[in-house]
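Q: If you want the building blocks of each chain, they are given just below.
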Amino acid sequence: MRMNKQQFLQNFSEFSDLKHRTLKVYGSQLDVIYLDTMCASDKITDFVAKPILSLDRKPTVENCMEKILFGADCLIVDNLQDASKEFLDGKTLIFFQDDERAVAVDTKGIEYRAVAEPPTSRVTKGPREGFNENVKTNVMLLRKRLKTADFKVQNVTVGDKTNTLVSVCYIKDLADKKTVKKIVGKIKQIKMDGVLDSSYIAAYLDPDRTKLFKLVGSIEKPDVVASKLLEGRVAVVVDGSPIVLTLPYTFIEDMQSPDDYYYNTPQTATIARILRLIAMVFAVMLPAIYVALQLFHYQMLPSKFLLTIISSVQGIPFPPLLEMLVVILLFDILREANARMPQIAGLSLSIVGAIILGDAAVQAGLLSAPAVMIGALSGIGLYAMPDNTMLFTLLRLAFTILGGTIGIIGVLLGTMMVVSYVVSLEDFGTPYLAPIAPSISSDKMDAIVKKPIEELQQAREHSALSVRGKEED
Amino acid sequence: MNNSIKQTQLILLMVLVIAGGKFLSLPGLMAQFAGRDSWISMTLLFVIDLVCLCFVLWAIKLNKGKQLNEILTDTLSPVGAKIIFAIYAVFFILRIMGGLIDTMDLVLSSLSVVTNWIAFIVPMLIVIGFNVLKGARNVGRLAQIFFFFIFISVLLILFLSYKHADFSNLQPYVADGFGVVAKGALNASFWFSDCVFLVFLMGSVTTNKLFGIKISGAFVFGAILTVMLDIVFLSLFGMLAQYSTSALAKVSGFNLTSSSYGRLDWIFVVIWLSSIVIKSILFLWAATMSISYIFNVKSKKGYAIIYGVICLAFIVMPLILPLETFIDDFICQGVGKYFFFSVQYLIPLLLPLLTYLSNKKSKPQSLQEDCDCNQNADCMQRMEGAATRGNGQIEGSGNCLCKDGAPSDARLCESNGKQDDKKGLFNRVKRLWKKITAKKA
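Chains as they are written, first to last, in my numbering: chain A, 13 to 485; chain B, 795 to 1235.
Only chain B is shown next, with the shape it has when bound in the complex:
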């Protein structure tokens, strides 16, 4: 798995992930909760997400090359980290499962394809699986190819439908009070926090100038696009919006002004569907990574097995469980959503602190800076026999080969690591005793 990703790719992915999947049943669902003011609920949720995103970006800036599992293991203990990853895995899987069920509804109802869940999901999972196993870099490149077409499709649907929209349907604003808006936001919160996928890219993304502003800008752009489409949807359908599923297909249907033109807007809908596939790839990649962290899997075969298990869940679960009802009743309107708040909001908000603590705990940088050979990066990589680089700590002792080939004692490198934190008299005496006994030997 190659998870290194470039800033440009991340920007494109951010827009696609924010907008992708939000035009299926979500606008109708939110209209059920908050009526004509559901677009305000959506905006509110995006604002909260933006705050969380800023914290995540801050954490990425603070991070010194560590991955999420290293940070969480350092700070929340291995057990705590595994629990968090388990919640993340369930969150991502349920989000994509719900999204794909909606997508199948769209295909069945609007695109006139007679299919069933297995026939629909198996080809989808093959495409997703190939990318998941290739890693985040593949998704980033995929986004670079498809972004232009998806973006044009959404814009065309939006602006072609815009002229038919009756914006008076949105008024009066907040007529039922802000409580309804807040309740709408609370009930729909499960379908937001898309930017949490970023936490899984910690240590893999290259940050440079204006990184935070560019990523936040992409988020805001995606959010504006989504809210605008929701506004057009609500304006077109008014009070009937809550009964409409597959919002994008409904909106694009208004382009059909004359029977002499075919439903060419379906082409745009189909192209837009590729954003759902990209989002599914990214989220299922994150789910695979979560499970791999839980079971400490690092091999390609291991990732394939994990993805295979996820596929099995995708194929079987909707057949044996009324999944849509479960998500609506237990998560959206029930207590389930609070369970996911820990990974949707709590971890992103705490991540800068956790990253800071993790950096402080292991100090991988100081290890490199204070090595006696002055070729520290190379020294760490070439340490023979004794050195390991698990959490940026070096354990044991052995020969450290530097670039110039001069061997030095690994313990000198080690002395700046975790063990060196023990600067008490006892530890110094202990080290001195060890040196003496080693010399004697």
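The following block holds chain A by itself, in its conformation from the complex:
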């Protein structure tokens, strides 16, 4: 549709925050239109009003562009659709007399949160910057760390109503070209009204049909994203979200923490990762094994331990499986309530839940002390890999039911089923369990056992092999 000021104003007639100013310069009329809520008045004064009023000849599109060019980001729009898009993005439009074009000047005055340490990924030592909700700031934070011409950014706009800017970032030569192409293609294909957060995009990029396992990384720290980009991964930055997505994603990334690189020695990092792995096993399997032992295989327990358990469970009204399910349910309710409560009240709730409720239930003879202990231990284990808490909660429930119905064989079969499913998952050609299954020695150096950084650099001439979907023979 050709540019027409009257048509444009009619389209936005119900916008109460629309401001329309008319200027007369050298006998020619200029219309300056902007949204009061989106634009900063000082920017309009500095980048629009002052340059126009300082013109020493009849204002034209070209004259204005020359004057404004260095002041702010500006472009010429020649149709209503583009003009509307730029206008809604916080740009000021300048309409000229006897010209069907307009100039859009960036006078955006949207407030963003400052760059601060993200609350969910704190580190003992190391960079404390975190992403905010502005896509430009987020890309800047990455570019600041990757001062190379190979760092590429491809922009895509998604969402019919939100027109959200999505930036796909990667390092040329390190990232797999096909993967980049696939990711950009998938994002372009997204058809939805609104993209309000990166999780909307993640849902489309995640190839796991069940959506149980997370196959898209979500990171709040630019230094971590930069390190992923250096491994050959692709980052997806979404406007309005402080979470940057990284692809392809592997399970082993869940076990890695920024502290492993900045603070821990390779040995302590290895121990920390093994502990996380044990915590994961505890979280998912401990209640199931406890129930299976109590119901089917009590001979496996040492006699003293068995006597302790027998004396504890005496008089408990619930069968072992139901008792454990009640403990898990109580824990999950407390966790869910705690997550939504104000911080101060949350602390009190933890004390009430953990000490008073648990202790009272044991004292009242409703639950046994070992069951509460096992439930608590499993609950703590859930947080060893915070990104997977909900998945582990679900698996814990399934395993507990299996353990309570067919004993330890059920736990074994459940484990085999989960592992079978997980090894079959692939994210843009990268196996989810790489570099363990399939085995990739160079990438294994930063898997569970962490090697010193200099050895890692030597082993990886370029990007991580698993990211390129390459397996070892």
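Label pairs and their computed distance ranges (CB to CB): (1) B/Val916 <-> A/Lys193: 41 to 49 angstroms; (2) A/Gln311 <-> B/Phe1135: 41 to 49 angstroms; (3) B/Val916 <-> A/Lys203: 40 to 48 angstroms; (4) A/Asp185 <-> B/Thr1000: 24 to 32 angstroms.
What the hints contain is simulated information worked out from the structure, not anything from laboratory work.
No residue lacks a Cβ here, since even glycine has one placed at the ideal position from N, Cα and C.
Mind docking chain B on chain A? Use the hints.
A: Okay, now just chain B, sitting in the frame of chain A:
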């Protein structure tokens, strides 16, 4: 189904398959046949298996990207190939059925789980089925995850029980003559030849340096582990060994020296059970592949239907047939075992020859080498309209698009294929006549 598998995965699978399932009722069964010398029968069978494995590995080396059905169809005719695959399917299904019945016995007797066949087999078949339908690559990756734990479990059971073993129970060696040992080996032969699953990976496995040595090494390692466990079992139980089922549970029971320790060895037994699941996956995958070759099934849905039928057989057969007795009487001690010799020993031994003949017959490589466009691999893939790549042969004619986009006559590519074998005068004249008539047209 993705059946591509890596060498490392194959090595691990080989160890797991050799050792998995051999510690259930087999040591007791072999003790029935060969008494205290049953470990020698076992060793003898492993040596025969090793010879067969070497032939299979030789065939894999000779093979030029063809699958087993292509090789057998080329050399034994389609009907012959289908018969062989039918025997393979029955062999694999019966082996796993027997193994799973024994596993249920172990679960019932040792792990105190009260269950029935259907409740036991259905979850097992779900796990197996998922992997079967995903293909051999999934099993290979599964082996990479579980191998370490299974291996540690077996070693712990073996070495913890070792100190209680009385090796004098094995003496005197071969007291009843070698005939008894040979008879023991013959009767137990059905439970061996595990490495035949390899023939189904022909064309899917990537071979590189020392491939044969590494795979044979894995086989020997698995065999030594199995024989060692059998020796410990025989030493522990002596003449009573033949009455003991679930050998591993019996062996691990000796770790219980004091009541202050619980039966923690059960944890190792349970972990070891995962090797049976992996073996079952691999064998049922091979059975599914066999049946799919018979009915020429290539779709995912088709594989699912075949596996569904196998599942039905697994659920129903043990309920209507005394399967254990059937396997013992008809196969192990009866004539049934000779029926399976064809797929256990004959096909592996003949496979290098069959592969050689198949290669010679279709020459898929020469097709690629002599194409006029010099982009042969691509040329074969991009052949439009006429070219098919069934057995490495190209039929008909059409436009062949090369990498550089230059079209050439597919018949030029074709001329090096099967049809080109006909180099007689008559055929040359025939081709010339065809060219002339084509030009006229």
